[in-house]
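With the hints as a guide, bring both chains together as one complex.
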Amino acid sequence: MIPAIEVLDLHKSFGPLEVLKGIDLRVMPREVVCVIGPSGSGKSTLLRCINLLEQPTSGRILIEGDDITDPDADVDRLRTRIGMVFQQFNLFPHLDVLGNLTIAQRKVLRRSADEAEEIGRAMLERVGLGDKVHEYPSRLSGGQQQRVAIARALAMNPDMMLFDEPTSALDPELVGEVLDVMRDLVADGMTMVVVTHEMGFAKEAADRVVFMDEGVVVEEGPPAQVLEDPQTERTRRFLRMVLHT
Amino acid sequence: MNRRRRQRLVRGTLYGLFILAVVSALVLADWPAIARAFANPELAREMFPDVITVAARNTILYTALSFAFGLVGGLVLALMKISPIRPYRWMAVAYIELFRGLPALVTIMAVGFVVPIAFDITVPGGVLGKGSVALGIVAAAYMAETIRAGIEAVPKGQMEAARSLGMSYSQAMASIVLPQAFRIVVPPLTNEFVLLLKDTSLLFVLGTTPLTKELFKFGRDAMSQNFNGTPLTVIALVYLAITLPLTQLVARMERRTAHAR
Ligand SMILES: Nc1ncnc2c1ncn2[C@@H]1O[C@H](COP(=O)(O)OP(=O)(O)O)[C@@H](O)[C@H]1O
Ligand SMILES: [Mg+2]
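Chains as they are written, first to last, in this note's numbering: chain A, 6 to 250; chain B, 19 to 279.
Worth flagging that the hints you see were computed from the coordinates, not collected in a lab. Incorrect hints may appear among the rest.
[Stated by the list, open to error] So the derived list for chain A, only partly shown, Cβ under 7 Å to chain B, looks like this:
#1 N56
#2 L58
#3 D81
#4 R84
#5 T85
#6 M89
#7 Q93
#8 F97
#9 H99
#10 A109
#11 K112
#12 V113
#13 S143
#14 L184
[Unchecked claim] Over 10 Å on every C-beta distance to chain A, these chain B residues come out as not near it, computed from the model:
#15 R26
#16 L38
#17 Y160
#18 F234
We treat Cβ as the ideally placed atom computed from N, Cα and C, and that holds for glycine.
For reference, chain B alone in the conformation it holds in the complex (with noise of 0.2 Å):
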């Protein structure tokens, strides 16, 4: 047998054996079962508007609001990183590893319930200020790499014919090099913008009260309420519905890039 002929018969087999795994779990599932554990249309019916009203409201709120925190964190941390000062760049490595080492949820944690003790200060605003500070600390992380990225993929002639026509270094940096980095880096901050969004679902190890609900909370304490998994359903489908468009732009975005090289 020649290696094509056998390459094919390796990948017939293993879509035979994918299609054998999805009939047979069509097949085998409980139907009935599923339907009512998961989607009953009068529990997914009561959830509303209050899913989208206040839920998937306050998801949006708490992802924009770390966002933003994120994004003014990883600007700084960026800049300090290809800083010419060695400190500042110690700093801003020391941040960044400690932040992306640990669990977003101990960031939390610490933020909500370890800050307020140590030092006596509790970040205001709630939920939303808590967590969103919290959040925004661990995206800054991830965002002030994404950041440093763009900013050094921008050629260094840029830079350079900005000072030779007389600009100091933040002028340069403000009018020239940054607006560039930041076409560069707006695929994978949207990217970084959808991972937020579902790490909000963390939060609720704040306590959150009705109105401070975010999307997954809000479906946790629906299921408790009825012993029924259709929340889980109904929260499932609006995440996707927020995140998909999202992702969809990213992939259009990208391709735009890819053709324009």
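Pulled out of the complex, with its shape left as it was, chain A reads as follows (with noise of 0.2 Å):
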């Protein structure tokens, strides 16, 4: 089978600091690994070199085992198999939540209007929004924003999705309304990658878990060796870190 995510020997430096010194990471269709870690130790720069937001310094990252690192690659055709959600939503403010789940269906797909507003109605239902179709973002609150942005992302049919922090910049009252979502994709059988501090949440969705720190994948696995049972020091501090706070 091929894997839907495979990163070899990443490496991405800002000028001379060195974030990711040498990231091999596999995800195969269907899986979700839930990637922890300290805050500035790399995980949303390798999340945001995978659908090539940031332009990776040496390393290769096949999507479905097409290289999104080619020079030739078309970039903008496989970011359409790879939905994103962002920490801080980034929702179109200028476009009602219609817009915001139509617009790319259109321009890039070249779906027509009938067809590109009936999944983004469909979507919107699937996220428990339905009745906020022509709202418009300002007039949501932060989960509702950030399930709008996920649904925004599903409308593309993407075959995999990337999650970036997406509960940290939500109110704790807000936060369980979009794992609720993001548990629904996992039970459809959707491949994801979600860089979190919801301990909760990976140990019961995920899969695997990938420890990060200082640019280096320090320890993966099922999140019951990782989180519960971790094998190196490093792990150990942060989690008792994230676990007493």
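This is how it looks when you write it as structure tokens:
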């Protein structure tokens, strides 16, 4: 079986600062991988390299076998297979909710207005926001905005989804509704890479947990192992810190 | 004397001097002479309806066309200036610095008289064509900086979210970033419109005919025909009738965005 994502010896520097120091990561179709690690360890940079929002300094990244780092790759096309959800939602404030969901369908996938709208409405139902079709993002709560952002990514029918701390910008009481939507995606068999500090979610939903620190993968394995019986001192120290705050 | 009392005293003295200056100007002015030279109702009446139907109309026409050229040029320059391609950035910078550094009158003269001689081409459309191309060239340099600032005020996450959905750079720019940038730059661009409107008064150097006169030239000709300043008063009022609503609109828009923050 071809891996959904294959990261091979990925290095990324910003000027003199080497942020990723040789990352290897393989994500199989329908697999859910949670990435944990202290702030500044390079988790966002890894995620952003996978869909080439950051240009890797060296190394290769294969999306379903296609090399997205190849200079001749059709990056825009490959990106449509990868949905991305950001910490800050990044909804388009000048478009209403349905507009947010249809614009890329129409411009990129060349779907008709009717078809895009139908799919958009279906995705909003799926995240429980079927009644917010014509609201503007600024009138939604953070949790609702993030669910719209997930629906917007899903409307492109991606094969996999990347989440970069999707609940970190939310008030605590709004975290649950977003995690519920993500659990539904897991149940539907979506391939997912989730950077998160929600250890509960990682424990129950992940097939595999990857612990990163200072630009390298320190430890990876099933959640029961990495989260409950960590093999390295660095992992143990990190978990003590997260669980005690 | 403590600080506050001294401040109050200084302020009071300044107000007093100001009022004294205004009052003495009002008292010392030769009102009958002013009325004769600048407010002759007979002469003012004679200027209508042409001051509106020809002169003001031309002024607005020149302004609108210059603004359109400036907007298109400014957008292109702004996109060049933020382009990752270095020569584009250099060209944009050179253009912007050149035309912001020259008096508008020099550019107008160049388009009107130098270009036809140097390249044997004349901008078509007479004063309207030459004048609005020249003013558009100047306006583009100013608008480029305004539009660039507007584009950079849109959070980077907007471009990234659009790209992550598979949009190309130009698709994301056109349908996500620019619509938000334009909302931000409507007030400064309206100010630019007002500046342009006033700059159309320079276009008389291109040599206007009775039908292509703009407000300033119209007023100046009427003044020299009648040896009287009343036309100046009339065109000043017409200029204000156009510009004041616009500047008020900008003030209101800026108050509204200040509230929204
Ligand atoms: N565009 C950038 N330019 C310079 N440094 C950056 C940039 N993006 C991230 N970094 C740096 O890279 C390191 C890793 O950042 P990041 O991937 O965001 O970490 P994490 O998501 O794990 O908190 C940090 O030290 C950060 O300051
Ligand atoms: Mg991060």
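Okay, the hints, checked on the actual structure:
no.: 1; hint: N56; result: 6 Å, holds
no.: 2; hint: L58; result: 6 Å, holds
no.: 3; hint: D81; result: 5 Å, holds
no.: 4; hint: R84; result: 5 Å, holds
no.: 5; hint: T85; result: 4 Å, holds
no.: 6; hint: M89; result: 4 Å, holds
no.: 7; hint: Q93; result: 6 Å, holds
no.: 8; hint: F97; result: 6 Å, holds
no.: 9; hint: H99; result: 5 Å, holds
no.: 10; hint: A109; result: 4 Å, holds
no.: 11; hint: K112; result: 5 Å, holds
no.: 12; hint: V113; result: 4 Å, holds
no.: 13; hint: S143; result: 9 Å, violated
no.: 14; hint: L184; result: 21 Å, violated
no.: 15; hint: R26; result: 46 Å, holds
no.: 16; hint: L38; result: 53 Å, holds
no.: 17; hint: Y160; result: 25 Å, holds
no.: 18; hint: F234; result: 40 Å, holds
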